[in-house]
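Trainee: Chain residues, written in single-letter form:
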Amino acid sequence: MAERASPAASAVPVAGVVAVPEARRPGRLGRLLEREHVLAGVLLAPALVILTVFIAYPFVLGIWLAVSDKVVGRPGAFVGLENFRVNLNDAIFLRAFQNTFVYTFIATFFKLVLGMLAALLLNHHFRFKRIVRASMLLPWIVPTVLSTLAWQWMFDATFSVFNWVLMNVGLISKRILWLGDGTLAMGCLILVNVWRGMPFFAITLLAGLQTVNPDLHEAAEIDGANAWQRFWWVTLPLIKPIMLVVVLFSMIATFADFQLIYVLTRGGPYSSTHVFGTYAYEIAMRAAKLGQGASISLSLFPFLLVVIVFQLWYIRRSD
Amino acid sequence: MAYQESSRVVNRRAFLRMVAGAATGAAVAGGIPAIVAAQKPPSFPKGTTLNILEWVSFVPASDVEFKRLAAEFGKLAGVEITVDQINMNDLNPRIASAIETRSGPDIIMMISNWPHLYADGLADVDDVAEEIAKRDGAFYEFNRRASVVDNRWKSVPLCSVNSTWNYREDWFKEAGAAKFPDTWDELRRVGTELKKKGHPIGQAFGHSLGDPNQWAYPVTWCFGGAEIDDKGKVVINSKQTIEALRFTVAFWKDCLDEGGLAWDDTSNNRAFLAGTISATINGASIYFVAKRQFPEIAKAMNHAHMPRGPAGRFYSIGGQSRAVMNYSKNQQVAKAFLRWFMDRPQYDKWMTANDGYVVGPTPYWEKHPLWERDPKLVPFRESSKFGRWPGYPGQPSRKASEALVKYILVDMYAQAIKGMKPEDAAKWAEGELKKAYT
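Taken in order, these protein sequences are the chains called A and B.
Residue 192 is where the first sequence starts when you use our numbering, and the numbers rise one by one after that.
Residue 19 is where the second sequence starts when you use our numbering, and the numbers rise one by one after that.
Please note: incorrect hints may appear among the correct ones.
Here are the simulated DSBU-like pairs of lysine-lysine, each with C-alpha atoms no more than 35 Å apart in a straight line [stated by the list, open to error]: (1) A/K365 x B/K436; (2) A/K365 x B/K445; (3) B/K152 x B/K214; (4) B/K152 x B/K249; (5) A/K365 x B/K215; (6) B/K317 x A/K365.
Partial selection, computed: residues in chain B whose CB lies under 7 Å from chain A [what the hints assert, rightly or not]: (7) L109; (8) P111; (9) I117; (10) D138; (11) P199; (12) L279; (13) A289; (14) D429.
In short, the hints are calculated from the structure, not lab data.
By construction, the Cβ of each residue, glycine as well, lies at the ideal position given by its N, Cα and C atoms.
Same shape as in the complex, but just chain A (with noise of 0.2 Å):
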């Protein structure tokens, strides 16, 4: 290939002297791009328009719409903290607090335990493993509507498979009305939640615990530390960034959860699983209330900004 010169070769003179091409003055965008400050404004100019358009105005919109009494079809005027102030006389909005939180920390404190435990098995070797590892993600693929319909039907009061069972083998001889009483639907809905989310906390965590060097584990082991002291104390501070990390992930998702719980209930019975997004919705859109309906929604932002500065902090400190 060498010895074939190509024509831009040929055109090079070939006494030795190789010509440099007269250096062209770089333009007037060229010299205004060498300056550094200019430069990072430019290359982070479509990341800041993303954030402006998609993020910082829809969220100023949403403050705006929850200190309106804006309608759908009318403008709002500015009420002040009036949408507050009803919401915190609501019933109804009182249990949907209450039950945002229940949901929120039960089931991300499950979510942290099996996804560990199913993270610390899927570590070891055995056959299948990688079928293993991917099928574990199934849950977490499939469309949340799609799965919570089919939980809908096992908890369903006439052909729930779980009374089915039950029944079979003896333990029960009436059925369970598995979303037809308040507190046993929350349940229902933590339990869907957790076995939806589970797989992203085992495979996040699988990630962290592979990068654990082993040698670590064998001093420990000479040292005298059985399995549990182990974990504890060289697993456990290894991977905590990445484990808080999830954890402050599956909170905001938790807590802004909307389509498990519209599928499952609804909100119902009598209002005794009503979370602030689904509610939110409700008055919002159903009852076309925008204005009351994102106070709703909003009442979420001060709780997770305390748990983002929290657990940012702690990774930093940690760090």
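Model the placement of chain B on the given structure of chain A, informed by the hints.
Mentor: Below, chain B alone, put in the same frame as chain A:
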């Protein structure tokens, strides 16, 4: 016979005649009046489009016929017409975004009192509605109340999807009832026998759009209670409501399937078709499915009216209508379509396709031959006479919607069933309704 019109071929000349009077006052240059005057085939300016937003009906044949008729109108009027269909639950957000962005479909389906919710985004259609009422007779009161906001017609009533009692005639006979009971007390007596025989009655008290409200509102009215009076004052906490609550608690224990608190709108359909319940309040969908898939059940079942209470017989009927959006640049075309669709030859075909699932918006359609073809559907035809609306005897206003979406009446009954004293349940509902109606 009036229905021979249905077989009439709608040609351009007939179309012209129909839209001629309709378009009186249409001030669009080159619009229908000009076309009529010139005796030319009706055609809107080239490139005129009409976009209609509909739900996905529970009767597929209804959608097929609606689209066919829309295409026929498009051909006659020279309009490019599209019909988009989405699930019923997605209509609210879609309407809200269309009104807020002032863009989207020209005609949108309205359910129940939505014209009150979205009045500021809807064009007045007084001319179309009044013309239909003049031709076919006055609309049913619930249809009129849902569509008229501040004395203006904000949508054209199209139909109603009514719910009556679906019941197993064979099991009712075994329980000693030769026909469906005419009063709530009689129904309780028969229901008690049925439950003892392992055939409870089924009723939803969960959170879903249709069935739970079909008990909560009519039963309250039957016993003389109401959310508000005709001036909008909350009057739920009354002796009559407490009586309705006491009756419901007793009925729950004696007659109903205990799964109801967890039921949604589809649960009673499945339970009835599976033979686990003997009766339930529902539209004609159970019967249609039974005819296709469970002919023995279809043969053994029938429909009956809501029983009478001390204050009379009532149904809660929201009705359906179609609205022309006020941001639409094609309002005249949209009105022409609605006028044409509601004209007898077209509407007859659409109603026939629905096979009894929908009831026409005026008593004129009670004479439709389909009601004679299948006597089991007759109660649906008659139920509109007893129809009332959320907020009755007041207006089906935005506030009535808030009470509805908060499931205040449904939850009042559900809490009483779960053990709350009827007096306390009525008091709770009073507190919640006062917040909604302020």
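Trainee: Work down the list of hints and note, for each, if the structure agrees.
Mentor: Hint-by-hint comparison with the structure:
1. A/K365 x B/K436: OK: A/K365 and B/K436 at ~17 Å, within 35 Å.
2. A/K365 x B/K445: Holds, at about 33 Å.
3. B/K152 x B/K214: violated (53 Å)
4. B/K152 x B/K249: holds (29 Å)
5. A/K365 x B/K215: This hinted pair holds, its Cα atoms lying about 17 Å apart.
6. B/K317 x A/K365: holds (31 Å)
7. L109: This interface hint is violated because 10 Å lies over the 7 Å limit.
8. P111: holds (5 Å)
9. I117: With a closest approach of 5 Å, the B/I117 hint holds.
10. D138: Holds. Min distance 3 Å.
11. P199: Status violated, d = 24 Å.
12. L279: The hint holds - B/L279 has a Cβ within 7 Å of chain A, the shortest such distance being about 4 Å.
13. A289: holds (5 Å)
14. D429: holds (4 Å)
Of the numbered hints stated above, those contradicted by the structure are hints 3, 7, 11, listed in ascending order.
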